[in-house]
Amino acid sequence: MIDFNDDRPIFIQIAEGIEDAILSGAFPEESQIPSITEFSVNYRINPATALKGITMLVDSGIVYKKRGLGMFVSKGAVEKLKNSRKEQFYDHYIKNMLEEAKRLQLTREDIILMIERGFIK
Amino acid sequence: MSIEIKNLSKNYKSVQALDDVSIRFEENKIYGLLGRNGAGKTTLLNIITNRIFADRGEVFIDDIPSKENDQALQKVYLMSEKNFYPDKMKIKDIFRWTGEFYGKFDMESAMNMAEKFELSTNKVVKGLSTGYTSIFKVIIALSVNTPYVLLDEPVLGLDANHRDLFYKLLIEKYSEKPSTIIVSTHLIEEVSNVIENVVVIKKGKIIKDETREELLTAGYTISGSASLVDQYILGKSVIGLDVLGGLKSAYILGELEKDKLPEGLEVSRMDLQKLFIQMTNA
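Protein chains in written order, with my numbering: chain A, 1 to 121; chain B, 1 to 282.
Bound-form chain A, shown alone (with noise of 0.2 Å):
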């Protein structure tokens, strides 16, 4: 379930609920997803946001049309999801976990411990 209580742009955000839930396997390699129709009517989101949204997909190939059928998750969409989120991992999560460290002046070694507690549990 996407909540768009972020900021970016709901297309994007459509996408990236998808991206999670092919990642998450609730969208399996080969299966068919929702509907432009289903997803519009499901967030109340114009069809045309919709569409921009899976497009996006389309275009990075990790969904694809088969006509007349519908949309389907591409063979290999999970590895490179991944990978793709792998490169973004960096500039999403780091950069905004430093920039909140910097204002609550935490030091690097505490950083450092904090992230290995998180290992522990």
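These aren't lab readings, by the way, just hints derived from the structure by calculation.
It should be emphasised that the depicted structure is a prediction, and the values quoted were computed from it without experimental measurement.
For each residue, glycine too, the CB sits at the ideal point set by N, CA and C.
Don't take each hint at face value.
[Stated by the list, open to error] Here are the simulated DSS-like cross-link-like pairs (lysine-lysine), alpha carbons at most 30 Å apart as the crow flies:
hint	chain 1	residue 1	chain 2	residue 2
1	A	LYS75	A	LYS65
2	B	LYS29	A	LYS66
3	A	LYS86	B	LYS258
4	B	LYS274	B	LYS202
5	B	LYS260	B	LYS274
6	B	LYS92	A	LYS65
7	B	LYS116	B	LYS29
8	B	LYS203	B	LYS6
9	B	LYS168	A	LYS65
10	B	LYS67	B	LYS116
11	B	LYS92	B	LYS168
12	B	LYS236	B	LYS6
13	B	LYS123	B	LYS168
14	B	LYS260	A	LYS102
15	A	LYS65	B	LYS177
16	A	LYS95	B	LYS258
17	B	LYS260	A	LYS95
18	B	LYS104	B	LYS116
19	B	LYS67	B	LYS6
20	B	LYS177	A	LYS66
21	A	LYS52	B	LYS208
22	A	LYS102	B	LYS258
23	B	LYS88	B	LYS104
24	A	LYS52	B	LYS177
25	A	LYS66	B	LYS168
26	A	LYS86	B	LYS260
27	A	LYS82	B	LYS258
28	B	LYS258	A	LYS52
[Stated by the list, open to error] Sample of chain B residues with no beta-carbon within 10 Å of chain A, all distances over it, derived:
hint	residue
29	ARG24
30	ARG51
31	ALA160
32	ALA226
[Stated by the list, open to error] Example chain A residues on the side facing chain B (calculated, C-beta under 8 Å, incomplete):
hint	residue
33	PRO9
34	ILE10
35	THR37
36	SER40
Mind docking chain B on chain A? Use the hints.
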């Protein structure tokens, strides 16, 4: 295929309700017609549907002038805030009557929607609450199957569940059978994700006519300590400011240069509601 409005002006005594308005509503798009109370939204919708006359200017529906032209007017349905139905008429009779004027009215779908909203169609207009008065008119608008549907404050008096049901049915209808839909409202946040184009009207003039995405990416919001914000906004196109103690937010038009952003300032995306308030403040 479009509704094209050319140089419309309308005065009510000393008040200029519309001031040389020209705009095109294109085929199969959902528009948000946004404006404060008294901005001219209802006047514009009423002129399009020939309920009142303009002092100057013309409306073309699929290239045909709409003034006193039934053939053109049959393509447009206006759900208005005002109630033009006889008090003692039953809802199901109003449905039937609408079907006689608009040949493609879908009675089955109207009855289905009435059930979903738990509207008893045996009731008369007078017996309905404010919310249900909006609901029966919304049902007609979503069942009438005209190429142009104009909704003037459609969710007036509806509770949160019914508003949500309305947006759901609207998108279902639009997905299944696209039409041009113009939603006039001042409840911007709710309609924001549903619309594709935004038209903002202020004091009888159209001040914005863009896609929602264009409008939201035309600027950004920056917030932080007042002194940092003041420094940052020098020379930038600022459309509004919010101050809360020592914290200041600025709404800025233009592209954000991320690498030039000083530390301590937070950026967020323009929000339609905030943008609207800033644009339409006196």
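Results of checking the hints against the structure:
Simply put, LYS75 of chain A and LYS65 of chain A have alpha-carbon atoms about 13 Å apart, close enough for the 30 Å limit, and the pair holds. Restraint check: the Cα-Cα separation between LYS29 of chain B and LYS66 of chain A comes to about 26 Å, which is no more than 30 Å; the hinted pair holds. Restraint check for LYS86 of chain A and LYS258 of chain B: the C-alpha separation of about 22 Å stays at or below 30 Å, so the hint holds. Restraint check: the Cα-Cα separation between LYS274 of chain B and LYS202 of chain B comes to about 15 Å, which is no more than 30 Å; the hinted pair holds.
Restraint check: the Cα-Cα separation between LYS260 of chain B and LYS274 of chain B comes to about 24 Å, which is no more than 30 Å; the hinted pair holds. With a C-alpha separation of about 43 Å, the suggested pairing of LYS92 of chain B with LYS65 of chain A is violated against the 30 Å cut-off. Of the pairs offered as hints, the one joining LYS116 of chain B and LYS29 of chain B holds, with about 26 Å between alpha carbons and a cut-off of 30 Å not exceeded. Restraint check: the Cα-Cα separation between LYS203 of chain B and LYS6 of chain B comes to about 17 Å, which is no more than 30 Å; the hinted pair holds.
Only pairs whose Cα atoms come within 30 Å are accepted, and LYS168 of chain B paired with LYS65 of chain A is accepted, the gap being roughly 26 Å. For a cut-off of 30 Å, the pair hint linking LYS67 of chain B to LYS116 of chain B is broken: about 37 Å separates their Cα positions. Proposed proximity of LYS92 of chain B and LYS168 of chain B is supported: the alpha carbons are some 23 Å apart, at most 30 Å. For a cut-off of 30 Å, the pair hint linking LYS236 of chain B to LYS6 of chain B is broken: about 34 Å separates their Cα positions.
With a C-alpha separation of about 25 Å, the suggested pair LYS123 of chain B and LYS168 of chain B falls inside the 30 Å cut-off, and the hint holds. For the hint pairing LYS260 of chain B with LYS102 of chain A, the CA-to-CA distance comes to about 19 Å; that is within 30 Å, so the pair holds. A C-alpha spacing of about 22 Å is found between LYS65 of chain A and LYS177 of chain B, which places the hinted pair at or below 30 Å, so the restraint holds. For the proposed pair LYS95 of chain A and LYS258 of chain B, the alpha carbon gap of about 14 Å is at most 30 Å, so the pair holds.
The straight-line distance between the Cα atoms of LYS260 of chain B and LYS95 of chain A is roughly 16 Å, inside the 30 Å bound, and the hint therefore holds. This hinted pair checks out: LYS104 of chain B and LYS116 of chain B have alpha carbons roughly 21 Å apart, not beyond 30 Å. Taking the CA atoms of LYS67 of chain B and LYS6 of chain B, the gap is near 13 Å; set against the 30 Å cutoff, the hint holds. For a cut-off of 30 Å, the pair hint linking LYS177 of chain B to LYS66 of chain A stands: about 23 Å separates their Cα positions.
Restraint check for LYS52 of chain A and LYS208 of chain B: satisfied, since their Cα atoms lie roughly 23 Å apart, inside the 30 Å limit. At most 30 Å may separate the alpha-carbon atoms for a hinted pair to count; LYS102 of chain A and LYS258 of chain B meet this at roughly 19 Å. For the hint linking LYS88 of chain B to LYS104 of chain B, the alpha-carbon distance of about 25 Å falls within 30 Å, and the restraint holds. The hinted pair formed by LYS52 of chain A and LYS177 of chain B meets the criterion: a straight-line CA distance of about 19 Å does not exceed 30 Å.
Among the hinted pairs, LYS66 of chain A with LYS168 of chain B is consistent with the structure: their alpha-carbon atoms are about 27 Å apart, no more than 30 Å. Restraint check: the Cα-Cα separation between LYS86 of chain A and LYS260 of chain B comes to about 27 Å, which is no more than 30 Å; the hinted pair holds. Of the pairs offered as hints, the one joining LYS82 of chain A and LYS258 of chain B holds, with about 27 Å between alpha carbons and a cut-off of 30 Å not exceeded. Only pairs whose Cα atoms come within 30 Å are accepted, and LYS258 of chain B paired with LYS52 of chain A is accepted, the gap being roughly 25 Å.
A cut-off of 10 Å between C-beta atoms confirms that ARG24 of chain B is not in contact with chain A; the least separation is 18 Å. Every C-beta of chain A lies more than 10 Å from that of ARG51 of chain B, the closest at about 28 Å, which supports listing it as non-interface. Every CB of chain A is more than 10 Å from the CB of ALA160 of chain B (nearest about 13 Å), matching its label as outside the interface. Every beta carbon of chain A lies more than 10 Å from that of ALA226 of chain B, the smallest distance being close to 18 Å; the non-interface claim holds.
Here the hint on PRO9 of chain A is kept, as its CB sits about 7 Å from the closest CB of chain B, short of 8 Å. For the restraint placing ILE10 of chain A at the interface with chain B, the shortest Cβ-Cβ distance is roughly 6 Å, inside the 8 Å limit, so the hint holds. Here the hint on THR37 of chain A is kept, as its CB sits about 4 Å from the closest CB of chain B, short of 8 Å. The beta carbon of SER40 of chain A is positioned within 8 Å of a beta carbon in chain B (closest approach about 5 Å), and the interface hint is therefore held.
In summary, the structure is inconsistent with hints 6, 10, 12 from the numbered list given earlier, while agreeing with the others.
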